[in-house]
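Asker: Now for the letters of each chain:
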Amino acid sequence: MVKRSMQWGIAAAAVSVALTGCAGGASGSTANADGVKIDYGVKDKELTIGVVSDLSGPFSAQGQSMVAGNQIYFNERNTGDKICGYTVKLDVQDHGYDVQKAQTAFNGMEPKVLAVTQLLGSPQIGALAPAMTNSETTTILSGWSSAGLASADQPNNAYYAVVGTTLPVAVIDGLSYLAQQGAIKDGNPIGHIHLTGDMGDNALKGSKAYAKKHNLKLTDIEVTGQEVDLTSQLAKLKRAGVKAVLVTAPPKTTGQLAAAMQAARMDLPILASAPAYSPTLVDASSPTKDFIERHLLATTPLVPFGDDTETSAKVAKEFDEGKKSGLIAGSAVANQEVNYGYAMSVVLGDALDAACKAGDLTRAGLHKALGTLDHVTTGVTVDLDYTDRSRTPSTKAYIVKPDGSAVGGGKLVTEVSSDEATTFQD
Amino acid sequence: MLETLLQGLSSSSIYAVLALGFVVIYKGTKVVNLAHGSVMLLGVYVISLLAPRLGFWPGAVIGILVGAAGAVVIQFMTNAVRSKDHLVMTIMTIGINVMIAAELTHEIGDATVFTGDPWGNRSLSIGGSSFPVSRLMALIVGSVLIGVIFAIFRFTQFGVKLRASAVDAETSSLLGISQRSVSIWSWVIGGGLATVGGIFLAAFPANGLDSGSATLAMSAIPAIIIGGMDSAGGAVLGGLIVGCGEAVARRLIPELAPVLGDSFASVVPFILMLAVLLVRPSGLFGSKVVQRV
Chain A
1 MVKRSMQWGI
11 AAAAVSVALT
21 GCAGGASGST
31 ANADGVKIDY
41 GVKDKELTIG
51 VVSDLSGPFS
61 AQGQSMVAGN
71 QIYFNERNTG
81 DKICGYTVKL
91 DVQDHGYDVQ
101 KAQTAFNGME
111 PKVLAVTQLL
121 GSPQIGALAP
131 AMTNSETTTI
141 LSGWSSAGLA
151 SADQPNNAYY
161 AVVGTTLPVA
171 VIDGLSYLAQ
181 QGAIKDGNPI
191 GHIHLTGDMG
201 DNALKGSKAY
211 AKKHNLKLTD
221 IEVTGQEVDL
231 TSQLAKLKRA
241 GVKAVLVTAP
251 PKTTGQLAAA
261 MQAARMDLPI
271 LASAPAYSPT
281 LVDASSPTKD
291 FIERHLLATT
301 PLVPFGDDTE
311 TSAKVAKEFD
321 EGKKSGLIAG
331 SAVANQEVNY
341 GYAMSVVLGD
351 ALDAACKAGD
361 LTRAGLHKAL
371 GTLDHVTTGV
381 TVDLDYTDRS
391 RTPSTKAYIV
401 KPDGSAVGGG
411 KLVTEVSSDE
421 ATTFQD
Chain B
1 MLETLLQGLS
11 SSSIYAVLAL
21 GFVVIYKGTK
31 VVNLAHGSVM
41 LLGVYVISLL
51 APRLGFWPGA
61 VIGILVGAAG
71 AVVIQFMTNA
81 VRSKDHLVMT
91 IMTIGINVMI
101 AAELTHEIGD
111 ATVFTGDPWG
121 NRSLSIGGSS
131 FPVSRLMALI
141 VGSVLIGVIF
151 AIFRFTQFGV
161 KLRASAVDAE
171 TSSLLGISQR
181 SVSIWSWVIG
191 GGLATVGGIF
201 LAAFPANGLD
211 SGSATLAMSA
221 IPAIIIGGMD
231 SAGGAVLGGL
241 IVGCGEAVAR
251 RLIPELAPVL
261 GDSFASVVPF
271 ILMLAVLLVR
281 PSGLFGSKVV
291 QRV
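Line order of the protein sequences matches chains A and B.
With the UniProt record's numbering applied, the first sequence covers 1 to 426.
With the UniProt record's numbering applied, the second sequence covers 1 to 293.
Only chain B is shown next, with the shape it has when bound in the complex (with noise of 0.2 Å):
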């Protein structure tokens, strides 16, 4: 039972940080970054190919600058076409998406990518059960920069633009909030998170991420639909909900896998984000959508 309470814990707060990225994107510029995936493993990769000279440390470091610049750069990408449609900016990432993937699969072949990240393969014994040094961390790192991004939204000038913003952009805009910036911020915050989460990703036990590993970024669209779009705190708890839910129905895969399936599991997160929509269309935390007809 402690076991599986940590499993859910330590996955929670992976698909939390994956879904803060979406939501901060969202809330700074109302599109779903759907080349979230490709932006995870392009800094993953880059932090594997650094790693081994620089060390871990300097090479995340690094590795996040470069998801977060290439975020920025998707923002730029998006920003330029002509309409200013949401939607159809949206459906822009899907294209660059495939850009930046089909060119990650060019460059990682079939290789492995490692980040060579310093909790290796050490478990810790916890309650009689094996538990990986390495999801420890994630716990630790996702609930220290969800505490910092919540600091940021709350405490800072940039939090109280971006809220502004999400509430309404034209007249926060009349009242001198470059959206532009505030746009660049978002982008940056997603892309660093992105790179956060998939370093957890390939960590053990997972075992390293190949070119087809930017699927997995996706794992966190129950949780923002779950939490809400636009909520921070949503995202928080929809990470929560799907981790401990999917660590739960893991746990019961002996009992459950020769009626449903042994992958049963991974589709867990889609049927509790199906029971939230019927319930809450917007979410549990998502603002409800208002049209005057």
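Here chain A stands alone, though its shape is the one from the complex (with noise of 0.2 Å):
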């Protein structure tokens, strides 16, 4: 009888064991030689960090030049001020857009990493939340829709952190300074050519939001990103009258809004929210080019790459050595994914300090830390607020002027900030 008892006590244990096991990631932890507690992806003196990103797919080009600033953030702390006394190596894993293979990446690399410093595209980030919820992997998101915030709408979000202003903030904030430039006035028609899906969506709430609020006359269009020219979407826009177009759709599609507003000639603002501005429409061979020049705004968190702002001219530096010395891939592209990928890691970078300071590395500890971080300053983005992650980490953003002759293919032209903007709800 007590043989029995004492099985089935064991039997107990191991399921419970097992159990607990499988509940987080969290489990496990020891503490290193310095009293900091630590779990998953310390060996030694290193400390790795996942990259799960898009590097021979549609969007590889911006993928590698997003790692790109990655490794300069990684490669600075691993010459200088090391993080937690540990090297910093990245896992780099590329899925080529596929949603499967991001998933298999992100289970490969998953025992052996803390946490990742890129999750590139929107598909792979809405397949990836619950796993990153499951393993407690705090995740840097390379997006700003307002769909990768936490809420309780998206409670698998609560790993994932955005870089910079959401879309919809962002469009407000770049309504409301073309307001203030006099370009809009309360009451006018304005018009959003925006890519179905959530990229577009998403900002559409931006407009919608300021719109309803000056009582603006918004003529929305969705585009698919294949059309041939945008001609005859433009002809709704010039019945409707429209003062300022806004556009939130691949860089190509602003591309041919503006060739469509040149042979219209509708001489008006364009504000391109930032995934639809890229500096190749600023290109020497681009009959737009100077169209886009004089008449295009982008609203944005980044700063453009190369822009004489302190940190931007120390990472482009950066990046030209790098190419030189092989730390980066030498398919990398000088431009503002850069820029990003190094604001990327530069929260993430600044969350592992604060979880080191407090003792405790493991991934519920910097989860913890990330959430501490009110004001993350990167340098080449708006700066960061983390203390609430189901908000926009800014309600500032950067207004930046094409100019096909400076580095990064733009100007930084102010940095704005609305009421209406701060009210909002994501």
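Hints are computed from structural coordinates only; laboratory data are not their basis.
When the alpha-carbon atoms are kept at most 25 Å apart in a straight line, the in silico SDA-like pairs for lysine to any residue are as follows: (1) 238/A x 260/B; (2) 243/A x 186/A; (3) 89/A x 371/A; (4) 82/A x 93/A; (5) 37/A x 135/A; (6) 217/A x 420/A; (7) 236/A x 219/A; (8) 101/A x 102/B; (9) 289/A x 55/B; (10) 236/A x 127/B; (11) 289/A x 54/B; (12) 243/A x 258/B; (13) 161/B x 287/B; (14) 30/B x 282/B; (15) 236/A x 4/B; (16) 236/A x 268/B; (17) 323/A x 49/B; (18) 43/A x 359/A; (19) 212/A x 259/B; (20) 289/A x 136/B; (21) 101/A x 95/B; (22) 238/A x 268/B; (23) 323/A x 103/B.
Label-pair ranges, simulated between beta-carbon atoms: (24) 100/A x 174/B: 48 to 58 Å; (25) 147/B x 240/A: 36 to 46 Å; (26) 314/A x 91/B: 45 to 55 Å; (27) 241/A x 248/B: 15 to 25 Å; (28) 124/B x 127/A: 41 to 51 Å; (29) 28/A x 267/B: 47 to 57 Å.
Being a predicted model, the structure only gives us computed values, none of them experimental.
For each residue, glycine too, the CB sits at the ideal point set by N, CA and C.
Hints given; two lone chains; assemble the complex.
Answerer: This is how it looks when you write it as structure tokens:
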């Protein structure tokens, strides 16, 4: 009888241990020589951080530049003020914009990494959210959709961090800048050309909210990004008599919009969301270069690459050096995504520093530490606040003017903030 | 109305040139080249690299030759399979398309490819409407090319061989027509036409091509299905129907968008294609397939 009870007891204990092990990643922590609690990704004097990006698919150019930004930051830390005394090693995995490959890549690296400093791609972000939550892996997102924020509706986003101003808030800031400049007035008609799906719909929330508050007549047009030209779509805006046109779509669509406006002789301001602007739009051989330089403004959380601001200039210099030394892949392109990747890693680096200071460099400790950061200064983005993960990390945006002669294809005009952006609920 | 008509005609000429490329290859080899878009992008990419140094016209000639050579390489690859089943060869072109597209994505990155064409952003004022010069050139070049291709079919020895092979490859082979030669020249013409179509797809007001633009060539598929897979005249008519249908649909966007959505114009070619297929499964001018059972 006693023997049978013991058997049941051992079995129950085994099941309990197994269930605890499955439930989260914070179990099994130990302390290092300095008394800092550690669990995943730490081995000897090395700390491993993951990158799950697109290095071979349709967004490979952006992915490679962001990885370069990640590498620049952690190289700075490894050769200077080390994170908790550890040398950071990046485990870079390519998903080729394939959700299955992204899941396989993350599952493979998950036991070996403490956090992920870049996860690129909306479908991949959506698909990996439960895995990140289950494993308590703090993950820095590439993307500014408020769908990446944590909320009661999106509990699986608890371990995600957006780096920058969310799309609708940046749109609101951009519109308020146009109003300050007298380009639009209350009651005016405006247009918003946006991509179907999450990115476009998300930005549209911002233009709708601003339009409602200022009685603007908003005409929105969905595009797929596969249009041959936008002449007909523009005809709809022309009939509506719009005073300004917003665009939240791939840069190619922004170029088509500018071309159609130029052909129709519509000399109106174009306000581009961050993903809609790329320095390639002011390429010397583009027939719309001059029109874009005269009419377009981008509303973005990012400082242009190679701008004369201190950190952006430093990142550009280290990018060139990294390419020469082989640290950065030869195929990485010098553009704003390098700054973006750098900013992603600064946020994670600050959270790692805070976790180390609190004596808890476990996944749970890192998650907690990120939530204490109320003022992250990356130097290449607006300042960021992570104390409330259900809200945009910033309500400010930069206004960038395209300039083909600038290193990064744009010049920083000003930083904007508005009451409408502060009170907007994502 | 005049603006819509001109837009329709200029789009039609681009579709017709792309569709003719598909049809010439199909007539010569019975293979539907699903790598047509990648060949187009390859040719345009080469032009974008050469035009700043050599000027547009030499760059365009070399780009068209590279497009033609790329198509011939695909022909060799599809011909290398043991099975001479045309369906297998067609499926092979899907794989080849993925390979070329991946390499072009790697090369082009996030850049936009411009050809530096001489028409730039100039527009003409026609009937009070602004019409891009590049679109007018698309109309002229497209019409001339179509005329030249028809003349080749009608008056040259190659044209006779191609038509004979399209009707009965086995018999024409027995009569001394080299199927290999017909096949290679079909792909040369098809590849060249794809690049010409690409030049105008990249021109103002389209504002260049990006690495994902290879799919734009697939917009010619409804044109060849409507006209008939093996009919050059059908390809032109199909292009005209698709281009004008799309232009009219776009003209109606403001009225119909609240009900059908803003992107319905892009669906119109496929609706027309389905309508034609229901009435004439071989297309308007396609040969009817007769099978003895």
